[in-house]
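*Asks:* Kindly produce the complete structure, drawing on both the sequences and the hints.
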Amino acid sequence: MAVDFSAFDEQVDLGALQKEVQEADDSQFDDVPDGTYEVSFDKMEIKPTKAKDKLMFSVQCNILDGDQKGRKIFFNRTISGNTSPKWTNGTAIKSVCTWLDKLETDTVPEFVNYSDFADCVLDIFQEVQGKIGAEVVYKANNFNPITINEAFDM
Numbered sequence: 254m255a256v257d258f259s260a261f262d263e264q265v266d267l268g269a270l271q272k273e274v275q276e277a278d279d280s281q282f283d284d285v286p287d288g289t290y291e292v293s294f295d296k297m298e299i300k301p302t303k304a305k306d307k308l309m310f311s312v313q314c315n316i317l318d319g320d321q322k323g324r325k326i327f328f329n330r331t332i333s334g335n336t337s338p339k340w341t342n343g344t345a346i347k348s349v350c351t352w353l354d355k356l357e358t359d360t361v362p363e364f365v366n367y368s369d370f371a372d373c374v375l376d377i378f379q380e381v382q383g384k385i386g387a388e389v390v391y392k393a394n395n396f397n398p399i400t401i402n403e404a405f406d407m
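Residue numbers for the sequence shown follow the working numbering, beginning at 254 and rising by one.
Hints are computed from structural coordinates only; laboratory data are not their basis.
Predicted model, so just to flag it, every value in this text is computed and none were measured.
Don't take every hint at face value.
DEER-style ranges, computed between Cβ atoms [said to hold, decoys possible]: (1) Lys392 x Trp340: 45 to 51 Å; (2) Glu276 x Val365: 28 to 34 Å; (3) Pro286 x Asp376: 28 to 34 Å; (4) Ala277 x Thr344: 39 to 45 Å; (5) Gln275 x Thr341: 49 to 55 Å; (6) Val274 x Glu363: 22 to 28 Å; (7) Trp340 x Asp318: 23 to 29 Å; (8) Asp354 x Asp262: 28 to 34 Å; (9) Pro286 x Glu357: 23 to 29 Å; (10) Ser368 x Gln271: 46 to 52 Å; (11) Asn394 x Gly268: 37 to 43 Å.
Here are the simulated lysine to aspartate or glutamate pairs, EDC-like style, with alpha carbons at most 20 Å apart [to be verified]: (12) Lys296 x Glu357; (13) Lys392 x Glu403; (14) Lys322 x Asp287; (15) Lys347 x Glu357; (16) Lys322 x Asp278; (17) Lys296 x Asp369; (18) Lys384 x Asp295; (19) Lys355 x Asp406; (20) Lys322 x Glu388; (21) Lys296 x Asp354; (22) Lys325 x Asp266; (23) Lys322 x Glu291; (24) Lys300 x Asp372; (25) Lys296 x Asp376; (26) Lys325 x Asp295; (27) Lys325 x Asp284; (28) Lys325 x Asp287; (29) Lys384 x Glu357; (30) Lys322 x Asp283; (31) Lys296 x Glu388; (32) Lys296 x Asp406; (33) Lys384 x Asp372; (34) Lys392 x Asp278; (35) Lys392 x Asp295; (36) Lys296 x Asp278; (37) Lys300 x Asp406; (38) Lys307 x Asp369.
Think of the CB as a built atom: it goes at the ideal place given N, C-alpha and C, for glycine as much as any other residue.
*Replies:* Here you go:
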């Protein structure tokens, strides 16, 4: 099914829009540089991957200060469907539990089954959202892109 873009073109002043595109600040689209940041947690959940054939732990953090203030950093970890003998589902889940444990919440991260684990992650998120932040080391291209150095009260 083809999309008729002409209706959208007719809704705007194309000359003005082209000028706006040319003049837009492209530095806001640069990748967040590797570094140490203080962050809050905007999202934390167990959800299906885009292909919907696996589950993953997904975190979105908001940088709280410095020249990257307001930017987002992400951590995603597939926790089902891992096929490598060196990186199993159990290893992946344990790595998530270890990561979550560094937030020092009352809820202890533990795995019983995927449904309970999703509830556990949600409980931890509800404990930290707006209340607990963390100093993290961010390395975008690392397997563990976000390492928690220390959790703190906000």
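*Asks:* Are the hints correct? Go through all of them and say.
*Replies:* Hint-by-hint comparison with the structure:
Taken as a hint, the range 45 to 51 Å is violated for the pair Lys392 and Trp340, whose Cβ atoms sit roughly 18 Å apart. Checked against the hint of 28 to 34 Å, the C-beta distance between Glu276 and Val365 comes to roughly 54 Å, which is inconsistent with it. At roughly 33 Å, the beta-carbon separation of Pro286 and Asp376 lies within the given 28 to 34 Å, and the hint holds. The supplied range of 39 to 45 Å is met by Ala277 and Thr344, whose beta-carbon atoms lie about 43 Å from each other.
Judged by the Cβ atoms, the range 49 to 55 Å given for Gln275 and Thr341 holds: they are separated by roughly 50 Å. For the hinted restraint 22 to 28 Å between Val274 and Glu363, the CB-CB distance of approximately 50 Å leaves it violated. At roughly 34 Å, the beta-carbon separation of Trp340 and Asp318 lies outside the given 23 to 29 Å, and the hint is violated. Between Asp354 and Asp262, the C-beta spacing of about 53 Å breaks the proposed range 28 to 34 Å.
Checked against the hint of 23 to 29 Å, the pair Pro286 and Glu357 passes, with Cβ atoms roughly 27 Å apart. Between Ser368 and Gln271 the C-beta distance comes to about 50 Å, which sits within the given range of 46 to 52 Å. Distance hint check for Asn394 and Gly268: the Cβ-Cβ separation is about 40 Å, which falls inside the suggested range of 37 to 43 Å. Among the hinted pairs, Lys296 with Glu357 is consistent with the structure: their alpha-carbon atoms are about 17 Å apart, no more than 20 Å.
A C-alpha spacing of about 16 Å is found between Lys392 and Glu403, which places the hinted pair at or below 20 Å, so the restraint holds. Between Lys322 and Asp287 the alpha-carbon distance is near 14 Å, which keeps this suggested pair within the 20 Å criterion. Proximity of Lys347 to Glu357 is assessed by CA-CA distance (about 16 Å); at most 20 Å being required, the pair is judged to hold. Between Lys322 and Asp278, the direct Cα distance comes to roughly 17 Å. Compliance with the 20 Å bound is thereby established for this hinted pair.
At most 20 Å may separate the alpha-carbon atoms for a hinted pair to count; Lys296 and Asp369 meet this at roughly 18 Å. Between Lys384 and Asp295 the CA atoms are separated by roughly 11 Å; this keeps the pair inside 20 Å, and the hint holds. In summary, the hint linking Lys355 to Asp406 is supported, as the alpha carbons are separated by about 13 Å, within the 20 Å threshold. Distance check on the hinted pair: Lys322 and Glu388 sit about 13 Å apart at the alpha-carbon level, within 20 Å; holds.
Using a Cα cut-off of 20 Å, the hinted pair Lys296 and Asp354 holds, with the two alpha carbons roughly 17 Å apart. Annotation: proposed proximity of Lys325 to Asp266 is violated, straight-line Cα distance about 32 Å (limit 20 Å). Proximity of Lys322 to Glu291 is assessed by CA-CA distance (about 9 Å); at most 20 Å being required, the pair is judged to hold. Distance check on the hinted pair: Lys300 and Asp372 sit about 11 Å apart at the alpha-carbon level, within 20 Å; holds.
Annotation: proposed proximity of Lys296 to Asp376 holds, straight-line Cα distance about 12 Å (limit 20 Å). Between Lys325 and Asp295 the alpha-carbon distance is near 9 Å, which keeps this suggested pair within the 20 Å criterion. This hinted pair checks out: Lys325 and Asp284 have alpha carbons roughly 10 Å apart, not beyond 20 Å. The hinted pair formed by Lys325 and Asp287 meets the criterion: a straight-line CA distance of about 12 Å does not exceed 20 Å.
Of the supplied pair hints, the one linking Lys384 and Glu357 holds, its CA atoms being roughly 12 Å apart against a limit of 20 Å. Note on Lys322 and Asp283: the hinted pairing holds, with a Cα-Cα distance of about 14 Å set against a maximum of 20 Å. The straight-line distance between the Cα atoms of Lys296 and Glu388 is roughly 17 Å, inside the 20 Å bound, and the hint therefore holds. With a C-alpha separation of about 17 Å, the suggested pair Lys296 and Asp406 falls inside the 20 Å cut-off, and the hint holds.
At most 20 Å may separate the alpha-carbon atoms for a hinted pair to count; Lys384 and Asp372 meet this at roughly 19 Å. Straight-line distance between C-alpha atoms of Lys392 and Asp278 comes to about 25 Å, which puts the hinted pair past the 20 Å bound. For the suggested pair Lys392 and Asp295, the alpha carbons sit about 19 Å apart, so the restraint of at most 20 Å is met. For the given pair, Lys296 sits about 27 Å from Asp278 by alpha-carbon distance, which is inconsistent with the 20 Å threshold.
Only pairs whose Cα atoms come within 20 Å are accepted, and Lys300 paired with Asp406 is rejected, the gap being roughly 27 Å. Note on Lys307 and Asp369: the hinted pairing holds, with a Cα-Cα distance of about 16 Å set against a maximum of 20 Å.
In terms of the numbered hints stated before, the structure departs from hints 1, 2, 6, 7, 8, 22, 34, 36, 37, listed from lowest to highest.
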